[in-house]
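**Student:** Sequence:
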Amino acid sequence: MPANSLSITEALDTAIKQLHSSDTAKLDSEILLLQVLNKTVHPPLTKTWLLTWPEKTLTAKQIQQYNHDLNLRESGMPIAYITGTKDFWTFSLKVNSHTLIPRPETELLVESALEKISSTEETHILDLGTGSGAIALAIASERPLSQVLATDISHDALEIAEKNASNLKLKNINFLPSHWFDAIIKNSDIEKFDIIISNPPYIAEDDPLLEENVRIFEPTQALISNDKGLNDIKQIIKNSVDYLKPEGWLFFEHGHTQANEVQTLLKTYSFDKITTINDLNHHPRVTFAQFYY
0 MPANSLSITE ALDTAIKQLH SSDTAKLDSE ILLLQVLNKT VHPPLTKTWL LTWPEKTLTA
60 KQIQQYNHDL NLRESGMPIA YITGTKDFWT FSLKVNSHTL IPRPETELLV ESALEKISST
120 EETHILDLGT GSGAIALAIA SERPLSQVLA TDISHDALEI AEKNASNLKL KNINFLPSHW
180 FDAIIKNSDI EKFDIIISNP PYIAEDDPLL EENVRIFEPT QALISNDKGL NDIKQIIKNS
240 VDYLKPEGWL FFEHGHTQAN EVQTLLKTYS FDKITTINDL NHHPRVTFAQ FYY
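Going by numbering that gives the first Met the number 0, the first residue of the sequence shown is number 0, and it counts up by one from there.
Think of the hints as simulated: they come from the structure by calculation, not from any bench.
Check before you lean on any hint, since a few could be wrong.
[To be verified] Taking lysine to any residue pairs in the SDA-like style, the calculated list, with each CA pair at most 20 Å apart, reads:
| id | residue 1 | residue 2 |
| --- | --- | --- |
| 1 | K272 | I235 |
| 2 | K46 | I81 |
| 3 | K46 | Q34 |
| 4 | K38 | L71 |
| 5 | K93 | K170 |
| 6 | K55 | T8 |
| 7 | K233 | I223 |
| 8 | K185 | L148 |
| 9 | K170 | F90 |
| 10 | K162 | T82 |
| 11 | K25 | L5 |
| 12 | K168 | S91 |
| 13 | K25 | I15 |
| 14 | K25 | N37 |
| 15 | K233 | I184 |
| 16 | K170 | H123 |
| 17 | K244 | Y291 |
Model the full assembly from the supplied sequences, consistent with the hints where possible.
**Tutor:** And the structure:
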């Protein structure tokens, strides 16, 4: 890409050619160009602006930054890590390499939980492995009377989640460094929960369907689990019975081949009303159940 003068049209045309191997080359090129242009303008420019002013030129500094970002994208780095943001639910979240990139399927997990969370009474909710805070923040924003505790083993991930909560001005959420229930076990002041929810690691190490760029760029500890991807799910189910209130609900996302094993595990630990929901691709993706003593 020339480094002296470049119009919007020329920049996009060149970028699309560079990213030709991607199915989303045009969209990626537009997103990255807007990211560069919006560093120096307010309010932020939109895709419509790019179409309206195709003859506008980039500065040498903007061209340099655009080249840098395009090279990252060409290497396979997810667009969300380059821009540092990802849309989820009704807001835009900060993300980085310490956090899993929120997926659309996880919104199904949020929707399922919201159906069981009162909008008129205080509900105590635990989000295990919160990452960027996507699930916890969505629930906290939709159910302002709820009290949400979000945990993660990664301090770096929690830092991002806390920034997202601050940006959204949510006051009904707290964060705790913890590997699943470890810190909760040590804290006798924490009461039991009405809802426990998680999008845990559930991918087997040798899963041939795991995309290479996901394996390379996203945090392994948020993706991979031992025991054919079920190790962390087993831990959560086993320990959740000690921290759920009577008739409390457990929700989690899982792999599309794991539904039967997950349902069997839940039955073993006295869960009832076990329900599995398919994602947009008609794959079993979310399972929830009610706990009875």
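**Student:** Going straight from one Cα to the other, do K46 and I81 come out at no more than 20 Å?
**Tutor:** Distance of about 18 Å is within 20 Å: holds.
**Student:** For a C-alpha distance cap of 20 Å, please report whether K170 and F90 respect it.
**Tutor:** Judged against 20 Å, a Cα distance of about 16 Å means the pair holds.
**Student:** Are K272 and I235 close enough, with their CA atoms no more than 20 Å apart?
**Tutor:** holds (18 Å)
**Student:** Does the alpha-carbon distance linking K244 and Y291 stay inside the 20 Å limit?
**Tutor:** This hinted pair holds, its Cα atoms lying about 9 Å apart.
**Student:** Below or equal to 20 Å on CA atoms is what counts here, so check K162 against T82.
**Tutor:** holds (16 Å)
**Student:** Taking only the CA atoms, is the gap from K170 to H123 under or equal to 20 Å?
**Tutor:** holds (14 Å)
**Student:** For the pair we were handed, K168 and S91, check the Cα-Cα distance against 20 Å.
**Tutor:** Holds: K168 and S91 sit about 13 Å apart, inside 20 Å.
**Student:** Decide if the proposed pair is consistent with the structure: K55 and T8, CA atoms, cutoff 20 Å inclusive.
**Tutor:** At roughly 8 Å apart (the allowed maximum being 20 Å), T8 and K55 satisfy the hint.
**Student:** Take the C-alpha atoms of K25 and L5, compute the straight-line distance between them, and say whether it is at most 20 Å.
**Tutor:** The hint holds at about 17 Å.
**Student:** Assess, step by step, whether the Cα of K93 is no farther than 20 Å from the Cα of K170, and give holds or violated.
**Tutor:** Judged against 20 Å, a Cα distance of about 18 Å means the pair holds.
**Student:** For a C-alpha distance cap of 20 Å, please report whether K233 and I184 respect it.
**Tutor:** holds (17 Å)
**Student:** Given the hint that K233 pairs with I223, test it: the Cα-Cα distance must not exceed 20 Å.
**Tutor:** holds (14 Å)
Of the numbered hints stated above, none is contradicted by the structure.
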